[in-house]
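Enquirer: Listed below are the residues making up each chain.
Protein chains: 2
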Amino acid sequence: MIRRLAVLGVGLIGGSVALALKQAGAVRQVIGYGRDRANLDAARSLGIVDEIADSPEQAVAGADGVLLAMPVGAMAETFVRIAPHLAADALLTDAGSTKQDVIAAARRGLGEQVGRFVPGHPIAGAEKSGALAARADLYAGRNVILTPLPENAAATVAAVADLWRACGARLMEMTAAEHDRVFAAVSHLPHLAAFALVDELASRPQAGLYFRLAGSGFRDFTRIAASSPEMWRDIALANREALAAELDAYVSRLSRLRDALMAGDGQTLFDTFIRASKARGNWAPAGTHLENDE
Amino acid sequence: MIRRLAVLGVGLIGGSVALALKQAGAVRQVIGYGRDRANLDAARSLGIVDEIADSPEQAVAGADGVLLAMPVGAMAETFVRIAPHLAADALLTDAGSTKQDVIAAARRGLGEQVGRFVPGHPIAGAEKSGALAARADLYAGRNVILTPLPENAAATVAAVADLWRACGARLMEMTAAEHDRVFAAVSHLPHLAAFALVDELASRPQAGLYFRLAGSGFRDFTRIAASSPEMWRDIALANREALAAELDAYVSRLSRLRDALMAGDGQTLFDTFIRASKARGNWAPAGTHLENDE
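Just so you know, the protein sequences line up as chains C and Z, in that order.
The first sequence begins at 0 in numbering that gives the first Met the number 0 and counts up by one.
The second sequence begins at 0 in numbering that gives the first Met the number 0 and counts up by one.
Next up, chain C with everything else stripped away, as it sits in the complex:
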């Protein structure tokens, strides 16, 4: 049971965690901080937070639980600011989409207190945003990945896992490096690839015609190209090594398809397409509701 939870960044993600923990009776009081005052006021009137803090320092003072749920690019500064104000018994976790850079920022900002921070990544929710989009069941049945640190005591990891479990999530553990490699492939690369296709077409003189004739395949392939540019710039830069490796593998595979195409090699095209079609056809997305993006 958390007495007082500080939620730094009360958007879809932070707000949904607060609602879920309240509904589960796993937290007594929530204090929220964020850059957008109107959003914070909405969060308070919706019962997502009980109090609004004027600064991250004020939010964490007296809190025994701290959730960092802002864009990963803003976490480094936050760790530095909150470090001197953390209670001695405070548990920290985050909801960032990349882990190695967040951990590096936590080590720099928290110093010897880093053992209280158990890095997390809940796999849901970025297409809608803001406290108004938050809901208690966002993480029901969804995966939450923890990438514990050597500095974490087992009891600290268990306590943070219990918090996420109280939101209804399924817990997984892996190393931060493995996390970043996997998400470079299944999330960060598709986002870059969707942004790239839309930008390529939008840059052409006949862009209007292209968009007018695009159908449902284009619609779904490019849905994630409407995602937040700031958030995805931060993620791409934070995970640049793994993402560049994925871009290389992808470009190499596209180039092999191009070679097969120009050689009139229908067999290679067919073999590629049928392997993909079977793998995709056999895949059932995790979780019970998937309208939100990771």
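Heads up, a few of these hints could be off.
Stated by the list, open to error - Cross-link-like lysine to aspartate or glutamate pairs, in silico, EDC-like; alpha carbons within 20 Å at most: (1) C/Lys-277 / Z/Glu-229; (2) C/Lys-21 / C/Asp-161; (3) Z/Lys-21 / Z/Glu-50; (4) Z/Lys-277 / C/Glu-229; (5) C/Lys-21 / C/Asp-40; (6) Z/Lys-21 / Z/Asp-40.
Source of the hints: derived by calculation from the structure; they are not laboratory data.
Take the given structure of chain C and dock chain Z to it, following the hints.
Expert: Frame of chain C, contents of chain Z only:
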């Protein structure tokens, strides 16, 4: 008004056109031909076709309207087979996703009769398949593109346009070359790119972990990778020049993003993402129902 419409390929597309024309009172009788007898029997019991033909030759004998709605790879042989059996007043159109290769096949197969063939491409329907998926409103409010031939009389083009209009479609005209360039970009490239990503991940030793952690962004980006391998092999080969040019442009843009990434050039990433995000956010897919793929 068509007295007798021959539908060659009674799947989602051919079946939906037959149902729409019947509902509009634009056709008196429909005769169907296809490779799958069980599918044809289903089409007859659903009232999609009134008669079943044993061959394309038999289907077109006495028909004043002919719709080719089979995979584009099968059209060349069909034109050759039906040419000697066409009625003197027969109008022909097709529903193929590529146009230059279909036109070349029509010229070879139909010879001097090619003036009766007005090439078409209705923008809807390939993810579900078979007569059971057909419905009268599939083309309501959807775009149908005609790429008329120099050999077409204006009255022939107008008559074929009226047929598609009777299905509820919105008509557009463009050249076959322009059609193939545009669809290489907005449809054929996304399909190849989705097949390539899924095949790349499925080929890895850790494929199971990747698929387990993939979320809704991956789900939508790769939905079209579950499409028919045969159909997309045919389309890719039929439109190989335009598709290779699109692959080159796409790979070049991905490479520029990779360079920006490794240079830590957040501004270029942000500029690309925000242009794409705005273009995608402003785009409203054409048509009233888009659950089917083009």
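Enquirer: What hints, given by number in increasing order, does this structure fail?
Expert: none
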